[in-house]
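Engineer: This is what each chain is made of:
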Amino acid sequence: MFKKLSELFWTFAKVGVMTFGGGYAMLPILQREVVENKHWATDEELTDYFAIGQCTPGVIAVNTATFIGQKNQGIIGGIVATLGVVFPSLIIITILAGFISSFAHLPIVINAFAGIRVCVCVLIFNAVVKLWKGAVTNKFALVLFIIVTLGSLIFDISPILFVLIAAILGVCIVQFGPKGKEAK
Amino acid sequence: MIFLRLFYEFFKTGLFAIGGGLATFPFLSEMADKTGWFTQSQLMDMIAVSESTPGPLGVNSATYVGFVTAGIPGAVTATLGLITPSIIIILIIAGFLKAFRTNPFVDGAFKCLRPTSTGLIAASGLSVAASAFFDASASADSAALGTLKPEAVVLAVLLIIVTRFIPKTKKLHPIVWIAASAVVGVVFNFGGVPM
Chain A
1 MFKKLSELFW TFAKVGVMTF GGGYAMLPIL QREVVENKHW ATDEELTDYF AIGQCTPGVI
61 AVNTATFIGQ KNQGIIGGIV ATLGVVFPSL IIITILAGFI SSFAHLPIVI NAFAGIRVCV
121 CVLIFNAVVK LWKGAVTNKF ALVLFIIVTL GSLIFDISPI LFVLIAAILG VCIVQFGPKG
181 KEAK
Chain B
185 MIFLRLFYEF FKTGLFAIGG GLATFPFLSE MADKTGWFTQ SQLMDMIAVS ESTPGPLGVN
245 SATYVGFVTA GIPGAVTATL GLITPSIIII LIIAGFLKAF RTNPFVDGAF KCLRPTSTGL
305 IAASGLSVAA SAFFDASASA DSAALGTLKP EAVVLAVLLI IVTRFIPKTK KLHPIVWIAA
365 SAVVGVVFNF GGVPM
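Residue numbers (our numbering), protein chains in the order written: chain A, 1 to 184; chain B, 185 to 379.
FYI, nobody ran anything at the bench for these hints, they're computed from the structure.
Just so it is clear, the structure is predicted and the values come from calculations on it, not from any experiment.
Note that CB positions come from ideal geometry on N, CA and C, so glycine has one too.
Please note that the accuracy of each hint is not assured.
What the hints assert, rightly or not - So the derived list for chain A, only partly shown, Cβ under 8 Å to chain B, looks like this: (1) 55; (2) 73; (3) 78; (4) 122; (5) 127; (6) 131; (7) 173; (8) 178.
As the list claims (entries may be wrong) - Here are the computed lysine-lysine pairs in the DSS-like style, where the Cα-Cα straight-line distance is at most 25 Å: (9) A:133 x A:71; (10) A:133 x B:355; (11) A:38 x B:282; (12) A:71 x A:14; (13) B:333 x B:355; (14) A:133 x B:352; (15) B:218 x A:130; (16) A:71 x B:355.
Model the full assembly from the supplied sequences, consistent with the hints where possible.
Structural biologist: Structure below.
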């Protein structure tokens, strides 16, 4: 039991180290480590976990780790795999953050980060464009997107409220909305 | 008690941020305004570092915010806060995986959640852009924007071209552009601080 759990932890720590950026980047790594090397899940199961990980709250990488851990060693396995996937972040970011904060006052660092911030804006813009393609597929979604963007920009409303209202709205459309229209 | 508060704030983020990648960003941006633990420009720096280091973006930025707020115990607390709702929800769903995936209500909710999440990220992006494109002398959260920095606009346009329109360069990892922007920032004195 302990050996299995430790295997789960370190395999997911490895996945965490090899994941750069968003959750999607880790799918090929998971395929190699979890499906091909450890045989903990099939390709099909992994795709399922990933799809569900995207439409449940939280970080996709974390959600997928919990699924695979749970499948192997039950609840404790789910927890251990999840702790494994966040472990490298904790170590790396903590070291780096301490390092950066002690040099933050240097002119070279201030100027570098001023340049980097422009890049972050572009990266956010690119991410929005990419998400837009999958999310805004009809007029209704477009209206929703505009309302949320403007509403959140102009008024001091918590993102939580938008998320809750959107979820309730979606459920109501299925329940009371015209049949067939949503089939798309 | 700062740790309880950190855990609570990140628990909420983990519970309501849907869709991976930058999904946690609007929540962190709101956290900056509400708690004063960190500024919007610090948040952008943290996103840049999170994007350039191993690990999922959402986890990295939670760890970073936690560290900035309350040191190493803060980093651990924030990260645990972020993943706790995921663990609870996934462990519940794991019991009826197929039913969840094919449930029309879940599907319907996500038809509305996806554009909402995208809109939230767009709005947060626009509001943090102020600290990148306008003179840093005005603080990021003040109402006055200050003067537009033309060099920042030029860099942004160039970055959009190389990340979106040139087939050879658009596949490159964002870390390349973050590093290049750091060099440009230093060479052209983006921070307005004499070297």
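Engineer: It remains to establish, for every hint, whether it holds in the given structure.
Structural biologist: Each hint tested on the structure:
1. Contact between residue 55 of chain A and chain B, as hinted, is supported at the beta carbon level, the nearest pair being about 5 Å apart and thus within 8 Å.
2. Interface restraint check for residue 73 of chain A: the shortest CB-CB distance to chain B comes to about 12 Å, outside 8 Å, so the restraint is violated.
3. Evaluation of the residue 78 of chain A hint against chain B yields a held restraint, the C-beta minimum of about 5 Å falling below 8 Å.
4. Given the 8 Å rule on beta carbons, the hint for residue 122 of chain A holds: about 4 Å separates it from the nearest Cβ of chain B.
5. Given hint, residue 127 of chain A at the interface with chain B, holds; its Cβ is 5 Å from that chain's nearest Cβ, closer than 8 Å.
6. Annotation: interface hint on residue 131 of chain A holds; nearest CB of chain B at approximately 4 Å, less than 8 Å.
7. Against a cut-off of 8 Å between C-beta atoms, the interface hint on residue 173 of chain A holds, since the closest Cβ of chain B lies about 6 Å away.
8. The restraint placing residue 178 of chain A at the interface with chain B is violated, with a minimum CB-CB distance near 12 Å, outside the 8 Å limit.
9. Restraint check for residue 133 of chain A and residue 71 of chain A: not satisfied, since their Cα atoms lie roughly 33 Å apart, outside the 25 Å limit.
10. Among the hinted pairs, residue 133 of chain A with residue 355 of chain B is consistent with the structure: their alpha-carbon atoms are about 18 Å apart, no more than 25 Å.
11. Our distance criterion of 25 Å between C-alpha atoms is met by residue 38 of chain A and residue 282 of chain B, whose separation comes to about 23 Å.
12. Of the pairs offered as hints, the one joining residue 71 of chain A and residue 14 of chain A holds, with about 19 Å between alpha carbons and a cut-off of 25 Å not exceeded.
13. Restraint check: the Cα-Cα separation between residue 333 of chain B and residue 355 of chain B comes to about 28 Å, which exceeds 25 Å; the hinted pair is violated.
14. Restraint check: the Cα-Cα separation between residue 133 of chain A and residue 352 of chain B comes to about 22 Å, which is no more than 25 Å; the hinted pair holds.
15. Proximity of residue 218 of chain B to residue 130 of chain A is assessed by CA-CA distance (about 29 Å); at most 25 Å being required, the pair is judged violated.
16. Only pairs whose Cα atoms come within 25 Å are accepted, and residue 71 of chain A paired with residue 355 of chain B is rejected, the gap being roughly 35 Å.
Figure legend: structure checked against the earlier numbered hints; hints not met, in rising order: 2, 8, 9, 13, 15, 16.
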